[in-house]
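Q: Now for the letters of each chain:
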Amino acid sequence: KQEVTQIPAALSVPEGENLVLNCSFTDSAIYNLQWFRQDPGKGLTSLLLIQSSQREQTSGRLNASLDKSSGRSTLYIAASQPGDSATYLCAVGGNQFYFGTGTSLTVIP
Amino acid sequence: SAVISQKPSRDICQRGTSLTIQCQVDSQVTMMFWYRQQPGQSLTLIATANQGSEATYESGFVIDKFPISRPNLTFSTLTVSNMSPEDSSIYLCSVPGRGRGEKLFFGSGTQLSVL
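Here the protein sequences come in this chain order: A and B.
When we follow the numbering used here, the leftmost residue of the first sequence carries the number 1, and every step to the right adds one.
When we follow the numbering used here, the leftmost residue of the second sequence carries the number 110, and every step to the right adds one.
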């Protein structure tokens, strides 16, 4: 079974900092990797999707990379803002989709 | 994309009772996934529901506790049986987009509280 781990579990940074969230998975036989954010009491918002054949995807201040062979993905957030405060989840897609343990991000104004 | 309607959106139930959650998709999909999100936790896959065959359950989840129906390619139900307070969670249904390697789409979730 796929095991997905996210580091750190929680992160607190001052506004304006660049930051990196990490996601690692045990089975490299995946079709894609998707990053989500979840605000307290709300549903999941899809941020980025990386296909297994791709190495990175960018959307605005977000950049996600994928190294399938080493079982790792990173989500880079540039110039963080208080509105970025949320829990970030990675989901690894194979025959099923397994979620990581999550990173709770707080951006301090 | 896929639009998923899930209901009920929330419910408060008594210990020992059962609740059936419905998930309707606006297009035909082969696989539907059911997840549980316990308070303060990430999402845990309960089972994969395939039309025309038995659902496939993940380790730690059994059919007697979480029976699933999948009568057609647009609809599925998850029942939480003989509930206890430990079953208090958000339950979500999800479908992948067309083809492998596509996005995962989610219903709005069912917030279940068991007293």
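Hints are not guaranteed to be accurate.
[Stated by the list, open to error] Straight-line C-alpha distance at most 20 Å; calculated SDA-like pairs for lysine to any residue:
no.	chain 1	residue 1	chain 2	residue 2
1	A	K42	A	G83
2	B	K212	A	Q54
3	B	K212	A	T106
4	A	K1	B	S118
5	A	K42	B	S168
6	A	K1	B	T153
7	A	K42	B	Q220
8	B	K212	A	G83
9	B	K212	A	T45
In short, the hints are calculated from the structure, not lab data.
Q: For each hint, tell me whether it holds in the structure or not.
A: Hints, one by one, checked against the model:
Restraint check: the Cα-Cα separation between A:K42 and A:G83 comes to about 14 Å, which is no more than 20 Å; the hinted pair holds. Only pairs whose Cα atoms come within 20 Å are accepted, and B:K212 paired with A:Q54 is accepted, the gap being roughly 14 Å. Taking the CA atoms of B:K212 and A:T106, the gap is about 26 Å. The hint is violated against a cut of 20 Å. A C-alpha spacing of about 30 Å is found between A:K1 and B:S118, which places the hinted pair above 20 Å, so the restraint is violated.
Distance hint between A:K42 and B:S168 is unfulfilled; the C-alpha atoms sit about 27 Å from each other, more than 20 Å. Proposed proximity of A:K1 and B:T153 is supported: the alpha carbons are some 12 Å apart, at most 20 Å. Among the hinted pairs, A:K42 with B:Q220 is consistent with the structure: their alpha-carbon atoms are about 11 Å apart, no more than 20 Å. Between B:K212 and A:G83 the CA atoms are separated by roughly 24 Å; this puts the pair beyond 20 Å, and the hint is violated.
Distance hint between B:K212 and A:T45 is fulfilled; the C-alpha atoms sit about 11 Å from each other, no more than 20 Å.
In terms of the numbered hints stated before, the structure departs from hints 3, 4, 5 and 8, listed from lowest to highest.
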